[in-house]
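There are 2 protein chains.
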Amino acid sequence: MLYSKLFGKTKKNSKQYDSINATLLIKGGFIDQVMAGTYTYLTLGLRVINKIEQIIREEMDTIGQEILMPALTPIVNWQHTGRFETVDVLMKTTPANIFAKAKNDTEYVLSPTHEEVVTPLAQKFILSYKDFPFALYQIQNKFRNEPRVKSGLLRGREFRMKDLYSFHTSEEDFKKYYEKSKEVYMQVFNRLGIGKDTVITLASGGSFTDDYSHEFQTICETGEDTIFYDKKTNTYYNKEVAPNQAPEIKYQDEKILPKKDVLGKGIIGVEELAKFLKIPVEKTTKTLIYETDKKEVVVAAVRGGYDINENKLRKVVGCKALKLTSPEIVKKVTGAEIGYAGLLNLPKNIKVFIDESVGNRHNFETGANKTHYHSINVNFGRDLPKPKKFYDIKVAKEGDSNPKTKEKYQVYRASEVGNIFPLYTKFTEAFNYHFVDQDGKEKPIYMGCYGIGSSRIMGIIIEKHHDNHGIIWPESVAPFQVHLIGLDMKDKNISSKVHQVYQVLKEKNIEVLFDDREEVSAGEKFADADLIGISVRLVVSIRTKEKVEYKRRGENKTSLMELKEVISNVKSQISNLHRKT
Amino acid sequence: MLYSKLFGKTKKNSKQYDSINATLLIKGGFIDQVMAGTYTYLTLGLRVINKIEQIIREEMDTIGQEILMPALTPIVNWQHTGRFETVDVLMKTTPANIFAKAKNDTEYVLSPTHEEVVTPLAQKFILSYKDFPFALYQIQNKFRNEPRVKSGLLRGREFRMKDLYSFHTSEEDFKKYYEKSKEVYMQVFNRLGIGKDTVITLASGGSFTDDYSHEFQTICETGEDTIFYDKKTNTYYNKEVAPNQAPEIKYQDEKILPKKDVLGKGIIGVEELAKFLKIPVEKTTKTLIYETDKKEVVVAAVRGGYDINENKLRKVVGCKALKLTSPEIVKKVTGAEIGYAGLLNLPKNIKVFIDESVGNRHNFETGANKTHYHSINVNFGRDLPKPKKFYDIKVAKEGDSNPKTKEKYQVYRASEVGNIFPLYTKFTEAFNYHFVDQDGKEKPIYMGCYGIGSSRIMGIIIEKHHDNHGIIWPESVAPFQVHLIGLDMKDKNISSKVHQVYQVLKEKNIEVLFDDREEVSAGEKFADADLIGISVRLVVSIRTKEKVEYKRRGENKTSLMELKEVISNVKSQISNLHRKT
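Those sequence lines, one after another, are chains A and B. With my numbering applied, the first sequence covers 86 to 666. With my numbering applied, the second sequence covers 86 to 666.
It is possible that some hints are incorrect.
Listed next, the stretches of chain A that the computed footprint assigns to chain B, with coverage defined by at least 3 CB atoms under 8 Å from CB atoms of chain B [stated by the list, open to error]:
#	stretch
1	142-156
2	184-191
3	227-238
It should be emphasised that the hints constitute simulated quantities derived from the structure, not laboratory data. Just so it is clear, CB atoms sit at the ideal spot from N, CA and C, and this is done for glycine as well.
The following block holds chain A by itself, in its conformation from the complex (with noise of 0.2 Å):
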């Protein structure tokens, strides 16, 4: 292709955005913001998500079928799973206008994912256990209603996504197959240039389950996640779900002192209650009151500077869902306003959950439940009983261990590009979706869902691939395979050399981006090679007289080359991006 005829060239003052990958992608031309969270794919992106897609699709075909499904969908299906008034992502479409309205008033639901319409699509196909296992995916837009896009292409309100969904007689088979999946989405990440930052990771399987999901993280700096790696079991735990022990407090108090209530009116959080108390924040206690689903309400504590993790109180507490209760609860729990709840003269009916951290204090603070005053030198033993156990139920951060193998945690920032996700039965369960066995009986079937975000991995490989200079495309998704800049085009013989250079390399099927411009510099088009960021730059001048001169994105270093040696290069390049069989 013509660079003189592109639409979309670089642009040389465009503004800085939040992230990497918006600044580079929108000044190289690649995209255009036209909203907050939505993006046009201009020539040169278009080209690299349909390389990362296609990739991505290669690898799915080698287990399951490629299928297309629309993103308007019916809101009935939506209230069968119950998620039509609970996600809350998800939009519905309602006409525009009057005479829209007039014409046809039905409201539907545009996609966030596809569960609400694989299952009853597999379940009016398939029923008879000799066609199971089977998986559909498909790649497509989703659509989110986010509250805040940022990043560029890491988080949109319309992006691209392949999503898979697998049918399975057994949970056995299931499993089989969900550890198959793990394989080929490293093959794919391995293709996309980022497989080797690339760790899987546990996460929470969500609320039906206590089982982990996976995500395929890729450590990246910028990244918007933390996982935790225990290096003892080689494990990657989600922020989310990192079992974790707190590090000994640094200073432990020898002496045990009395205990006292303090006047601290307003004074709330940890950080400030600790400057004015005087004492390390790991000496306060925060306690929360949470109300479950079942409206019973419960207590929960950490040391002063973790958070609690209301994924892990929810499986110890063994509920489906809790949020923190309202004030006029606290108070009749506490017997004080908001603010100076503490584990102190708790009523003996409510259940208490008290983290690991908490313990191994002396003189500790906690609330005083006494609107105002904090409680401190509190000693377990002495002004409460030792609990008979401490939870695990607080976020992880650094400096914690794994409970279970004491290692310390190495923490990473990182940035989720696919996920795998086991349903069990919680779909095929909502549409009544069973299966007739070989002894006749109906039984339930198997879920998974398997997810990988394309547009956002395109943001994601250029967070990880980039320089001062630009972008540094993997081979398997750079826009073309060679930038060619021809240089002196104003001389005929030169000019009539690059082109030349141009159709042979065409001819031999090779994808090349040819900056032809008489009118621009040198510098100016080596800087935009570079902010463009294709693997192979090759410039045809005046100095160069019957070679090329080659060189590689990300090197410093250029070679001289006769063209034939040049197509022999970029075709062994080449040929290694096919799929490994």
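We have chain A; now place chain B onto it with these hints.
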């Protein structure tokens, strides 16, 4: 692909839908209806739509650059062009529930077309005369709030479409491109196997121009459009714009009779009235009172049996929009309740537009402009002055002629497969998008838009190409190139032989659907092959011995061939499908 493993096999007891394409596509396992107007493309269907779109893409690449715009777009862009409040197929998105509303309450347009995105996009990048002309296209899902969705893939609420937009610095340059686009479109339809039945038809250019737009109409018995062909000028007109002259009336009275007012209370429709008055319908007159966008009231009349063509009326009146006026104004103008309006004794200041079909009649009927009364035996020159000019303001129908050429139209049913539309400066002016010319001055930008509904075409291909047994795909879009049937599969030798044939074909890069089912009868396999409609059917069985049975879908003849010969046949067919350069 092994048919035994395919998700979405043929359905024996599938019902008849409202169209041939829906019936055959659903029965054949190509698509599944999610709800009225939205479909899932199953594996077979997705392969077809991909092939259709790849052909479109290859041809569009010769005149434009592919990009991909989002479906979610900002409302403000649509307010800019005045289409947010007026387009009756426009949908917007809104949060689906209270949790979603709490997170982000913004609404967005779900785009049915992309002028409101592509125009500001072009404006961001291209302002200098040097970069014109250029054209951008995309292939993408579109959303329309259709009141009645029907005819399978022909009219959906979510559908696949290619839309291209071109930008020019002069009207001449735009027109040159517009003509070129017609050739490219015809090339697309030729490659899709519907070229020889597809004609370019004049259609309305919209309210902002007197120019025509152009529709590509595929002549087809089940088509929902009517087109009018004037053989003399070799021109096709869409019903909405066909200039037309009514045939002379059959029973012309020779004797002029005395005018009479007849009481006919509540008799309003022309059919009912003709019966009541015992006169042919063609002697009645339909008189309607309109109001223009400038609030001017005008009277329009056509011969009974015709409808007023508001598009034509708007043009002769010289207004931008018009609608039927209120009963109050009808009464003010005619002195009568609605239903009795006629041409007699109208106020002098009201403009009256009489269609030519009203003239050349003796003793005709018209409303008496007196409630409950109809005047009969009315004659121009005696009861009312003969108008200086008769107009053409009626919808064409079978039997009409072209008033200019006097040629009687040939009338066809047809289905629209594409349209191209001169937009001139309508959208560029709305966004204040101008270019800077060589002389440094800002000048207007001319624009065209060019659509092809790819999913719609998939439906129309079937409406054209099927028989009682199923679909007959053109080779270029068939889901596979070969449908291989193994019979006597329980015989190990045969089974091994047919699997070997399958392997050889695949190695030769031939796309094969292999019906490898053991438990299914020969009859059922043949019926499925006919339903699915792949161009080449191969059979391997005990009877075929060392050869392979070859049959083309839609032909009865079968031949026994060497596999080598089959491969060379198929290969030569495939090579004919490539783009002609």
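Hint check results:
1. 142-156: holds (count 7)
2. 184-191: Coverage by chain B holds here, the residue count being 5 at a Cβ distance below 8 Å.
3. 227-238: holds (count 4)
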